[in-house]
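S.K.: Chain residues, written in single-letter form:
Protein chains: 2
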Amino acid sequence: MNIQKLIQQIEKKKSMLSVGLDVDLDKIPKHLLDLEDPIFEFNKAIIDATQAYCVAYKPNIAFYEAYGLKGWKSLKRTIEYINAYYPEQFTIADAKRGDIGNTSSRYAKAFFEDLNFDSITVAPYMGKDSVEPFLEFEGKHTILLGLTSNPGAEDFQFLKSDAEFLFESVLKTSQTWKNSQQLMYVIGATKADYLKTVRKLVPNSFLLIPGVGAQGGSLEEVCKFGLNENYGLLINSSRGIIYASSKEDFADKAGLKALELQAEMAKYIN
Amino acid sequence: MNIQKLIQQIEKKKSMLSVGLDVDLDKIPKHLLDLEDPIFEFNKAIIDATQAYCVAYKPNIAFYEAYGLKGWKSLKRTIEYINAYYPEQFTIADAKRGDIGNTSSRYAKAFFEDLNFDSITVAPYMGKDSVEPFLEFEGKHTILLGLTSNPGAEDFQFLKSDAEFLFESVLKTSQTWKNSQQLMYVIGATKADYLKTVRKLVPNSFLLIPGVGAQGGSLEEVCKFGLNENYGLLINSSRGIIYASSKEDFADKAGLKALELQAEMAKYIN
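The listed protein sequences derive, respectively, from chains E and B. The numbering of the first sequence is my numbering, which starts it at -4 and goes up by one. The numbering of the second sequence is my numbering, which starts it at -4 and goes up by one.
Errors might be hidden in some of the hints.
To be verified - One-sided excerpt, in silico: chain E residues whose CB lies under 10 Å from chain B: (1) N55; (2) A90; (3) D109; (4) E127; (5) F132; (6) E133; (7) L254; (8) Q257.
Stated by the list, open to error - Keeping only pairs whose Cα atoms sit at most 27 Å apart, straight-line, the calculated DSS-like set for lysine-lysine is: (9) B:K104 <-> E:K71; (10) B:K104 <-> E:K22; (11) B:K71 <-> E:K104; (12) E:K104 <-> B:K22; (13) B:K195 <-> E:K155; (14) B:K155 <-> E:K68; (15) E:K65 <-> B:K104; (16) E:K0 <-> E:K25; (17) B:K68 <-> E:K65; (18) B:K0 <-> E:K65; (19) B:K68 <-> E:K68; (20) E:K39 <-> B:K104; (21) B:K173 <-> E:K155; (22) E:K155 <-> B:K191; (23) B:K155 <-> E:K155; (24) E:K39 <-> B:K65; (25) B:K25 <-> E:K104; (26) B:K68 <-> B:K104; (27) B:K155 <-> E:K191; (28) E:K104 <-> B:K104; (29) B:K191 <-> E:K71; (30) E:K65 <-> B:K71; (31) B:K195 <-> B:K242; (32) B:K71 <-> E:K71; (33) E:K39 <-> B:K68; (34) E:K71 <-> B:K65; (35) E:K65 <-> B:K39.
By construction, these hints were calculated from the structure, which means they are not laboratory data. Glycine is no exception: its CB is placed at the ideal position from the N, C-alpha and C atoms.
The whole structure should be built from the sequences, with the hints applied where relevant.
M.R.: Written as C-alpha cells, this is what we have:
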C-alpha cells in the first residue's frame, strides 16, 4: 500500500489507530479453545469488530512463532483474511528482524511476498546493509526501531556520541539510505518528550507509536508533538483492545474500546 | 546443553567449528528438488557428512521463514534430527530476535522449548528487559550481537560515547544483567583487530564468530586474539561448507571442507 492511500484512510475514518494482534491462548475466551484454529477465530472476530475504527493491524510475530507450525498457520490465515476482506487496512508484521544483506532479503521475501504484509519492523543495530534489502520492495515499508517504549530503551538508545543520542543517529543516518522514503520509525509513546526532537530529524516520516494505554503513554502528548501535515502517526494499542473482555462478548468489547480510541483521535484529524 | 559439555566436545573433536545451515533452494543440488522436503534432505546429508568435524549447527532462521510453512516444517525436522541423532552438538537458532519483555519470552519459548535449540542470537538495541527473558531458561544460551561482520556494522556499532564504542557498551552493560553467565556474543571475524578489546571486556564468554571464509576473516587472527582458557570460540562457516559442490557429491565435499577447517582449528586446541 502506498502512503497516499494510508493518509486517505486516516482522513476517512478519522483514526490513526493500529490494533495489535498479540494473541495469547491463555488470555482469549475459553469457548474459543474448542475450535480448530482458536487464534485465527479470535483474530477474525476482533478484526470484524474493530475494522471500522482502525487503519492498521499489527500482529506481533513472536506470539505466533511461540505456537510453532500451528501459530505460523494462524498468522497466514489472519493476514490473508485482512487482505481479502479489508484490503484498505495497512498491515504491519511486528517482527523486529535484521541480519546481513542476503539474509535480510530472505526476511523481506517472507513477510512482503509470502505473507504479503505492507510493512515490517526492523532493528537498526547492524546498519545500512541490513536494512536496505527491505527497502527494495516497492510499495512496502520498513519501520525502523528508533526509540522504544520499554525500560531497556535507556540501556543503549540514549548513549550519547558527539552530543547526539544513539536513536538520533539512527534516525539521521537511516534517512541517507537508498529508498529511505519507504522508512517509518517506531517511537514509544512513553517517550513523548522526545517527539519534538524526532520530528526535527524525520519531519515527513510516519511514526508507529506503541505504548499508548497499557504502557502508560498519553495520546494528547503524542499528537501535540508528533502530528505532521500528513498526520504521520500510527498509534497502536494491543492488550487494551483485544483483551477488553475475556467472555463471549470479547469482540463487541474490543470494538467499543477501538471506537473510544478512535473518537479521541478524531479530535486531531481535520 | 551446559558450557562444560560444549568445552568437552571442542577438546574431543579438536574443533570449534559451527556449520551454518543457510539453505537456499536455488543453490542446492537439482536432484534433491524432486524429494518431498528438499531442505530437510539437504540438511540431513550435510549433517551426517560434517558432524564428526564440528561441534555446533547454526540454521539461519531467515532462510526457513522465506519458505513459509514449508520452511518452518523443514526447520523443525532439521533440529529434531540433530537432537535425536547428534545430541552432543550445540545448536544455535540464528534468529537475531529481540522485543519488549513479555514478547521476548514468547520468542524464547518458541526456540528453546518448541524447537529445543540450545541457544539463540539476539539483537541488543532494546536493552536489558528485551534480553533477560531469554536468560531465564536454564541450560540455554543467548548470543548477543556485539560486533557484526557486515559493512553496516560501521553505522552504529562504532559510535563513540564517553570514549567507548557502542559495541563495548553492549558487552559491558550486558555483563551486569541477570544470568549473564548464559550470554555469548557474536563478534565478526572481519573485525579480528577488536578481539583484544572484546576479550578485555568479556574474558570468559564464548564468542560466535561468523565471517571466516566467504566473508574474508582469518582463522589465525581470530584464534590469536580470541581464544581463552576454555577455548571460548565457536567459529562458523556456512556457504563455504554447504555449497562446496552443487552436484550429487555435495555432502562428501561438505564433509571434506569441514574436515579441512577442523584440521586448521586442531592446531589451536590442546
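S.K.: Hinted pair, alpha-carbon criterion (27 Å max): K155 of chain B, K155 of chain E. Please report holds or violated.
M.R.: This hinted pair holds, its Cα atoms lying about 8 Å apart.
S.K.: Going straight from one Cα to the other, do K39 of chain E and K104 of chain B come out at no more than 27 Å?
M.R.: holds, 25 Å
S.K.: Between K65 of chain E and K71 of chain B, does the CA-CA distance stay at or below 27 Å?
M.R.: Given that 27 Å is the threshold and the Cα spacing comes to 12 Å, the pair holds.
S.K.: Starting from K65 of chain E, check that the Cα of K39 of chain B is at most 27 Å away, please.
M.R.: holds, 24 Å
S.K.: Does the nearest C-beta of chain B fall within a distance shorter than 10 Å of the C-beta of A90 of chain E?
M.R.: holds, 9 Å
S.K.: Would you check the hint for K68 of chain B and K65 of chain E, treating anything up to 27 Å between C-alpha atoms as holding?
M.R.: holds, 10 Å
S.K.: Between K155 of chain B and K68 of chain E, is the straight-line Cα distance small enough, at 27 Å or below?
M.R.: violated, 44 Å
S.K.: Sort out whether K104 of chain B lies within 27 Å of K104 of chain E, counting only the CA atoms.
M.R.: Distance of about 25 Å is within 27 Å: holds.
S.K.: Does the interface hint hold: is D109 of chain E within less than 10 Å of chain B, judged Cβ to Cβ?
M.R.: holds, 5 Å
S.K.: Given the hinted pair K68 of chain B and K68 of chain E, is their alpha-carbon gap at most 27 Å?
M.R.: holds, 11 Å
S.K.: Has the given pair, K155 of chain B with K191 of chain E, been kept, meaning a C-alpha gap of at most 27 Å?
M.R.: holds, 24 Å
S.K.: Is K104 of chain E within 27 Å of K22 of chain B, Cα to Cα?
M.R.: holds, 17 Å
The structure fails hints 5, 6, 7, 8, 14, 16, 18, 29, 31 (numbered hints given earlier, in ascending order).
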